[in-house]
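Student: Here is what each chain is made of, one letter per residue.
There are 2 protein chains.
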Amino acid sequence: MKDNRTMLTDFYQLTMNASYLDSGKGDDMATFDLFIRNLPKDWGYYIANGIEDAVDYITDIRFEQDDIDYIRSLGRFNEDFMNTLKDFRFEGEVYAPKEGTPIFPNEPVLRVTAKRSQAQFVESALLNMINFQTMIASKASRVVQAAGGNEVYEFGMRRAQEEDGAMKGTRACMMAGCVASSNVKAGKEYGIRIGGTMAHSFVMTFVDELEAFRAYAHTFPNYPILLIDTYDTLRGARNAVVVGKELEEKGKKLGAVRLDSGDLDDLSKKVRQVLDEAGLDYVNIVVSNDLNEYKVEELVKGGAPIATYGIGTEMITAKPVAAIPGVYKLVEDESGARIKLSEGKRTLPGKKQVHRQLDSEGKYLNDIIALDDEAVEGTPLLELAVKDGARVRARPSLNETRSYCTGEVGKLPDYLKQVRVDRQYDVKVSSRLNEMVERLTKEYGVR
Amino acid sequence: MKDNRTMLTDFYQLTMNASYLDSGKGDDMATFDLFIRNLPKDWGYYIANGIEDAVDYITDIRFEQDDIDYIRSLGRFNEDFMNTLKDFRFEGEVYAPKEGTPIFPNEPVLRVTAKRSQAQFVESALLNMINFQTMIASKASRVVQAAGGNEVYEFGMRRAQEEDGAMKGTRACMMAGCVASSNVKAGKEYGIRIGGTMAHSFVMTFVDELEAFRAYAHTFPNYPILLIDTYDTLRGARNAVVVGKELEEKGKKLGAVRLDSGDLDDLSKKVRQVLDEAGLDYVNIVVSNDLNEYKVEELVKGGAPIATYGIGTEMITAKPVAAIPGVYKLVEDESGARIKLSEGKRTLPGKKQVHRQLDSEGKYLNDIIALDDEAVEGTPLLELAVKDGARVRARPSLNETRSYCTGEVGKLPDYLKQVRVDRQYDVKVSSRLNEMVERLTKEYGVR
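Chains as they are written, first to last, in my numbering: chain A, 979 to 1425; chain B, 979 to 1425.
I should point out that these hints are in silico values taken from the structure, not numbers from a laboratory.
Every clue listed holds true.
Note that the list lumps identical chains together, so a pair holds whenever it fits in one copy or between two copies.
Below, a list of computed lysine to aspartate or glutamate pairs in the EDC-like style, where the Cα atoms sit at most 20 Å apart:
1. K1166 to D1047
2. K1166 to D981
3. K1166 to E1042
4. K1323 to D1244
5. K1093 to D1058
6. K1420 to D1186
7. K1365 to D1311
8. K1389 to D1400
Turn these sequences into a full structure, and let the hints guide you.
Tutor: Right, here's the structure in full:
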C-alpha cells in the first residue's frame, strides 16, 4: 500500500463537507454505492479489483498537519471546519464483493455507509483506484481468454500511465491469469514471477546476431530466450538453432525464440519448421508487437504455433477503452432511499445486495439486484469488509485472489468470454426495488 | 519527485547487463535516442513532458540493499554481476529539449550517452514517464486549443489510471494551459489553482434544490458555483437565480452555474437566457459531462455561452489514444552509428540534433533532424541536461514551464492546432543523415 492517500481527493469533497457542517448535515448517516454504468463495446464482464486497496485507504484516512496547513492557506474555509479535519476518520462500514469476483453494470462494487461527511469524502480516491484496477483486471482476463490456454506475459511498463499504472496494472494482470511480468519492482513487491528476453539493442551490440545469441546463452545457459527478428526473422531462427545445438552439447537447452515484428502467424509457422527440422521441437515461440485480445484470438484460431503471448500497451492501459464509467452515488440517507434523475444518469436507490444464481452445471445463470432486506435465492456477493472504520476481513494474498478469480471466470457462461460479446449477462432488478424506483421517480420528479 | 525508481525496470535490463558484463561490453560507450514513432489520428504535435522527472530519475539511480537481496533471490545472476549493482549509478550525459517544447515524430526527446550498461538500463522507466506525461500534455493542449480562449478545468482524478496518473496527469494539463484542477493533492504539491463545485449527492441531501443552493451559498458566499441539473436544468437555473438575488442583497455575487448532463449547447443557451433576464449576466456557465476536444470545439463553434469547460476522463487518460509509441533505441556505440531494420521499426542512426526554423512571422516553419556535428540553420532543441551523471540545468517551476509551453504552442502554425489535423508539420532529415541511413541499411542488411 502507498502512503496515506487522504489528500487524493477532489476539492468539492472539502467544500461540500464544509457546507454540511454549517447545515448540521455532516453527521447524518448516508449510504453511497460505487458501481459501473455499463460495459465497453465487446466486453462481457468486469473483474472487481482494487477492493483491498480501497479498504486500506478507507481505514487509514487522516489529514497530516501540513495537509491542514495547506487547506487553511486556501482561505476558503472557516475555523469550525478546519477544526474537524484534525480528527477526521472513516468510522463507518463498507460492503464489497471479494476481490476478483466477476461483476456487471449497476451492481454495487462498494456499498459505503457512514456519517455523510465521511461517506461523501472518500468518493474520489475510491473511484480512482477501483476504476483503474477493475478495468485492467477485466482487460487482462479478456486477453487470457483469447489465448485459450497459452501463456500470457505482461510486458507493458514502458507504456503504462506512470509508475502506479505499471504497478497496480501488473498486479491486476497477474490476478486475471497472466503467468509472468517483465516488471522487476512488481516482482519484488508482489512476489510474482518475472521474466524477459533481450532488446534489439542487445543484438546490435555484437558483431553479428550469432555472436549476440552465443553471449546471451553463455550467461544464461538454462532455457534462454533469444530475440530473432532484429535483421531477418528466418535467418535469426537459423542462428538460434546453431546456439540451441551448442547448448545441447553442454547438456543445456534453449528455452524459446521471440518474434517482435512482421506477420506473426506466417513467421511463427516458418520458424516452427526451422526449429523442428533441426530437432529443436522443445523450443517454444514467444511473440509480441502491439498485441491485443483480437490479434491473439486470430493467431490462436489460425493455428499459429505460439506458446507465449507477450502483451504490453493495450493490456496495461486497456487501450482504447482507457477508462471505465465507475460512479459513486448517494442511495440512502436519513430521509430514506434516494434516486438521481439526471438525463442518462439514473441510479438504483436504497441499500442493496446482489444475489448470484448458478445453473445446474455450476455456471453463472443470472444476478438479481435487490434491497438489502429482501429474501432472494442465490449467493449474496456483498460481504462486510469494514466495520466501525476497521478492516474485518484479512487481505488475501495475490495468489489466493488469482485462484479465486480464475476459478470464477471459469464459471462464466461461454457467451461472455468471447472477444466480441454480443449477448449481455442477465442482471435482474427485484420487484420491490423496481417499485421503489417508480415511486421515487414520481416523488422527486416534482422538486 | 517520487522515491527512487531504480527497481521500476523490465527484467531484461538486468539480464542484458549481466551478459554485457560477461562479454566485456558493459563499459563501452553507447548512445540511445528516446523518440516517438508517430502521432495519433487527428493530432498535429506533441508537447515534450516528463523531461525533468526523467532527469531526477536518472541522476538518482541506486539499488538499495533489499533490492539487491531480491535480485539475488531470483537465482539467475552470478556474483560478478551482483557485485556491480551496489555501486551502479548513471555517470553519463543526457540531452533533451526544454520541458514544454512542441516536438514531432522521430525527433529525439532524450539523447542518452553513457556506458552501455547504464544507458541501456534506464530505458523502461524513462519510457514510462515520458510516454505518459508527454501524451497528457499533448492531449490537454488540444483541448485548450479547442476551447478557443475559454477556460479549461481539469476534473479527471476519478477516472485517471491510479494516483500517479491523476498527479502527473494534472501537472501535464496545467502545463498545457488548463487554469485549474479539482485535485487537492496536486494543489498542495504543485502549487496550482484548485477549484470545484458540488456533487449531485449534495443537492439530494437537502429537502429541495433551493435549500441545497442556499446552504452552499451560505458557506461560500463569494462567487459560489451551483450544480443545476440534478432534477431539471431550467428549474435549477431559476433556483440559482433566487439564490443569486439573495446574494446580491448581501453585497455578494453568485459565481457560476454548472451543467453536467443533457444537450449542453441547447441548455447553456436557455440557462443563459434565464440568468440574463434576471439581471445575472455576470454569472458564468460551467459545463462538464464526458467532454473532449471534439465536443468542446462543437460547442464553441455553435456559440454556446460557456465560460468554463470541465474536462475529466478523456483528458486525464488521453482516451482513446491511451498510450503513445515512444521508444528507446541504440543509435551509436563504439563501432559507430547503428540502425535497426526490423519491419516497420526502422531508426535514424547516429548522435543527432534537431534544428527548428521559424518563418518571418515567428511561426514554426520546419525542423531538420541532422547529425550532431552538422552545421544547420535554426534553433537547436536538444540541450545538455545531465553531465557526468549530474543535473546541469535547474528544474524550472511549473509556472515557468507553463508560460514557455503555451508561448511555444502560440508559435505553431494554425494547421497543427485544429482538432482534426490533416497536414503534418515538415520534419526534414539532413542529407548527411540520409546518406548514413542508406549506407547502414546496406551494411546491416547482410548480417
